[in-house]
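Single-letter residue listing:
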Amino acid sequence: MSRVDVKRHFAPIQRKAAQRTEERKTDSIPTISIVMSTCGLASGAAETKQAFEEALSRKSIEARIVPVGCLGHCYAEPLVIIDHPTSGFPPICYHKVSAARAQVLVGSYLENGDPVFKYVLGATEENDLIPAVMDFPRFNLEQRLVMEQCGRIDPDDIYQYVAEGGYGGLVKALGSDPEEVISEIETSGLRGRGGAGFPAGRKWRLARGGGPDEKIVICNADEGDPGAYMDRTILESNPHQLLEGLAICAYGVGADTAIIYVRAEYPLAVKTVQQAIKSAEKRSLLGSSILGTSFNLEVTVFQGSGAFVCGEETALIHSIEGKRGMPQHRPPYPVESGLWGRPTVVNNVKTLSCVPSIMTRGAEWFRSIGTEKSPGTAIFSVVGNVNHPGLVEIAMGTSLRTLIFEVCGGIPKKKSFKAVQIGGPSGGCLPESFLDTPIDFDSLTEAGAMMGSGGMVVMDENSCMVDVARYFLDFTQKESCGKCTFCRIGTRHLLDILDRITKGEGKEKDLELLETLGEDIKSGSLCGLGKTAPNPVLTSLRYFLDEYQAHVKEKRCPALKCRALTAFYIDLEKCARGCDVCVGCCPVEAIFTTTGRKKAVDQELCVKCGECMVVCPPEYDAVEKVSPPELAPIIERSPEKKETSD
Amino acid sequence: MTTSELDGEERAMVEEITAMLPHFEKSRGNLIPILQSIQEKHAYLSGAAMEMVAEHLSISPSEVYGVATFYNQFRFHPPGKHQFKVCLGTACHVAGGDIILENFERKLGIKDGETTPDREYSIERVACVGCCALAPVAVIDDTVEGHIQPSRVEGIFVQFQVEREREEREKAERESGE
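Going down the list, the sequences are from chains A and B. Per this note's numbering, the very first residue in the first sequence carries number 1; after that it's consecutive. Per this note's numbering, the very first residue in the second sequence carries number 1; after that it's consecutive.
Treat the hints as calculated values from the structure; they're not laboratory data. Because the structure is a prediction, the values reported are computed rather than measured. Quick reminder that beta carbons are idealized off the backbone N, C-alpha and C, glycines included. It is possible that part of the hints are untrue.
One-sided excerpt, in silico: chain A residues whose CB lies under 8 angstroms from chain B [as the list claims (entries may be wrong)]:
| hint | residue |
| --- | --- |
| 1 | Ala46 |
| 2 | Tyr75 |
| 3 | Gly227 |
| 4 | Ser381 |
| 5 | Gly390 |
| 6 | Lys509 |
| 7 | Leu513 |
| 8 | Val583 |
| 9 | Pro587 |
| 10 | Ala590 |
| 11 | Thr594 |
| 12 | Cys609 |
Non-contacting residues of chain B with respect to chain A, defined by C-beta distances greater than 12 angstroms in every case (computed) [as the list claims (entries may be wrong)]:
| hint | residue |
| --- | --- |
| 13 | Met20 |
| 14 | Arg106 |
| 15 | Arg164 |
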């Protein structure tokens with residue numbers, strides 16, 4: 001099949017895409033793009049859309065409403081971009097557009113041409129009238145490669161993807177030899193984005209030489225890390241980019257079957273991908289004899305049932321085969337004998353999503369981004385105590401400091417930075433002294449954390465490191481499949497010890513035990529889950545030993561987080577006579593009136609939810625939290641009060 | 001809920017599964033998809049349902065049970081009419097998700113994974129719903145509620161209570177009107 005023939009088959013699709021873009025440009029109907037991915041919907045994007053529709057029909061204004069995927073700016077949801085060509089303004093991005101704001105925007109901007117500056121986040125292109133979003137650090141320090149089109153195109157419309165150059169990589173690949181495709185990926189230095197960073201090109205080459213059987217390609221979208229959601233965003237916002245990468249990979253390794261393994265907890269992602277597959281098959285971009293060639297590829301979606309360990313490739317394969325998702329000893333590697341005994345390539349969503357642009361723009365271009373050993377970009381979901389949480393894509397090699405303090409706007413409420421947890425349950429906590437570490441596979445591993453799935457939790461001074469370690473252990477202990485003794489029983493013991501420490505029942509020798517047991521679990525486990533499960537404990541022990549010691553020796557939680565080691569009390573000097581906001585909000589009726597109509601906390605009843613501290617008016621600020629709990633003054637309920645309340 | 005009603009429910013479930021199974025090829029790879037579609041329809045997997053699947057695929061019921069219990073998605077008890085899913089992902093944990101879960105548990109007198117005896121409410125903890133920027137998060141039936149406060153938990157119950165009372169009042173009015 002010559003290259004010309006493939007191009008000839010692709011030409012009509014390209015023409016139609018170009019034509020549709022042209023039509024949009026020439027008519028003067030305003031376009032309202034609303035971010036409708038899971039996080040947008042959670043912030044009320046559906047109500048916003050409805051409000052726009054109602055307001056438009058009430059005022060009989062013609063406008064096009066386009067639901068788009070996620071831009072990654074979760075802090076500003078629901079986001080709306082309005083392109084109003086006749087207004088003289090560039091396309092404007094609005095943030096936190098509630099239903100009420102939507103109505104205002106229709107009335108003021110679409111009807112009367114006033115863009116309502118107080119709701120504006122920025123213009124989406126450079127201009128003289130409105131500051132552009134590109135001037136903000138959040139936008140200009142990011143380098144978008146995988147997420148370039150996310151939030152800018154309608155995920156359900158294949159032509160919008162094609163108009164942006166989509167499927168050009170597949171066309172180029174089909175016109176070349178599979179060997180050339182693999183060489184290109186090898187030269188690009190693309191490393192697996194699932195966490196470990198294995199070179200993708202080498203994996204493909206191994207699978208290609210894996211035997212005479214037809215190969216299988218699996219896209220791993222079983223994002224199990226509690227706190228990472230970029231795979232979901234890519235599936236929901238730009239599914240065709242992934243499908244194109246999948247097809248290029250399948251062509252390279254010689255596969256006729258591809259499976260996308262998605263978590264069943266992501267219903268919108270499942271729906272969007274299934275629709276995208278149908279749409280691509282209809283246009284002969286997937287399915288049988290793709291673009292007129294002899295290359296066939298059947299793509300199906302398998303819904304994973306929720307097991308963190310299934311992110312491991314052998315466990316994932318077992319799960320598709322209808323078994324318990326337990327990892328198996330490697331070798332044989334899946335590239336030799338994987339799903340149903342056939343050579344199988346398992347690649348992460350982000351890895352495959354990098355492939356189309358490497359094909360179109362070339363390996364050298366890809367190498368020019370990022371660092372020498374880790375080319376390309378990294379995507380993180382930055383959450384926790386930062387001003388601008390959300391999804392961020394940055395070039396590899398950017399420092400943690402730039403990412404946290406510039407791109408994500410630093411720590412809110414003037415609190416100080418304490419630690420950043422990278423890589424979820426397999427990663428580690430890094431203290432302030434590591435903020436200048438460049439973000440790439442090797443530097444992070446060296447520091448004791450890891451790239452992992454890209455979850456990043458920023459913690460301020462109020463986060464307790466022992467509690468965070470306990471949280472992750474609680475997670476991995478539940479998710480351990482039970483195959484290896486060290487992982488199954490060892491994590492249980494680690495958790496028990498940490499539980500004890502956070503309750504103030506820790507013993508001095510516990511700290512040593514945590515360390516030796518952690519090392520033993522690492523060496524005694526088969527798969528990545530067990531090998532990395534002790535990381536959160538080991539890194540926090542290394543960098544925050546003083547906090548562990550405070551818990552064990554002084555029975556004190558320095559961050560005032562561990563509930564058994566803290567207490568609330570009301571400062572009678574500050575408490576206002578007669579105010580009883582705290583009484584009303586207490587879920588267990590632990591607050592009572594004491595002398596002088598002031599309030600006090602019954603320590604026996606208090607569950608330490610902290611609600612009274614939240615509601616106490618800032619001008620009084622009378623609720624205090626202390627650790628150890630003995631520091632709280634004890635005020636007894638007067639006996640007659642007790643009787644009446646009984 | 002009386003025993004006879006439950007039996008009726010179970011009977012209907014068995015009938016529906018009998019009708020559904022022939023649509024699935026008898027291959028082991030279909031085990032998880034079959035279990036998923038049963039749960040999608042009936043909200044949980046009963047012992048009888050798992051035995052029927054085992055028979056269809058010619059594997060032992062213990063094998064089916066083993067697979068089903070391995071994965072977090074599958075439920076083995078009927079859930080309540082209203083479901084509360086409290087997110088305990090990393091961001092929610094740091095923001096105090098466990099306090100929210102505790103508030104639900106205390107309010108209903110049940111633990112996570114359980115259903116109230118009147119089958120009105122059930123509580124579940126979930127690993128991450130992917131709305132970390134809105135932490136702490138809870139999913140009330142199908143709506144995601146972000147930045148949830150302990151006092152909001154109380155508010156949610158008041159809301160359900162008011163709705164229930166209104167329904168009962170309307171029902172009573174309809175009946176007295178007839």
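Hints and how they fare:
Because the beta carbon of Ala46/A sits about 10 angstroms from the nearest beta carbon in chain B, more than 8 angstroms, this interface hint is broken. Taken as an interface hint, Tyr75/A checks out: its beta carbon lies about 6 angstroms from the nearest beta carbon of chain B, inside 8 angstroms. With a cut of 8 angstroms, the hint placing Gly227/A at the interface with chain B holds, because the nearest CB-to-CB distance is about 4 angstroms. Checking Ser381/A against chain B by beta carbon gives a least distance of about 6 angstroms; that is within 8 angstroms, so the hint holds.
For Gly390/A, the suggested interface contact is upheld, since its CB lies about 6 angstroms from the closest CB of chain B, less than 8 angstroms. Because the beta carbon of Lys509/A sits about 28 angstroms from the nearest beta carbon in chain B, more than 8 angstroms, this interface hint is broken. Annotation: interface hint on Leu513/A violated; nearest CB of chain B at approximately 24 angstroms, more than 8 angstroms. Hint status for Val583/A relative to chain B: violated, with the closest Cβ pair at about 12 angstroms, above 8 angstroms.
Hint status for Pro587/A relative to chain B: holds, with the closest Cβ pair at about 6 angstroms, below 8 angstroms. The beta carbon of Ala590/A comes no nearer than 12 angstroms to any beta carbon in chain B, farther than 8 angstroms, and the hint placing it at the interface is violated. Using the Cβ-Cβ criterion of 8 angstroms, the hint placing Thr594/A at the interface with chain B is not satisfied: the shortest such distance is roughly 23 angstroms. With a cut of 8 angstroms, the hint placing Cys609/A at the interface with chain B holds, because the nearest CB-to-CB distance is about 5 angstroms.
Interface exclusion of Met20/B from chain A stands, the closest Cβ pair being 17 angstroms apart, more than 12 angstroms. Listed as outside the interface, Arg106/B is inconsistent with that label: its C-beta sits roughly 7 angstroms from the nearest C-beta of chain A, within the 12 angstroms cut-off. Here Arg164/B stays apart from chain A, with its beta-carbon at least about 21 angstroms from theirs, past the 12 angstroms limit.
Violated hints, listed in ascending order, are 1, 6, 7, 8, 10, 11 and 14; each of the other numbered hints is respected by the structure.
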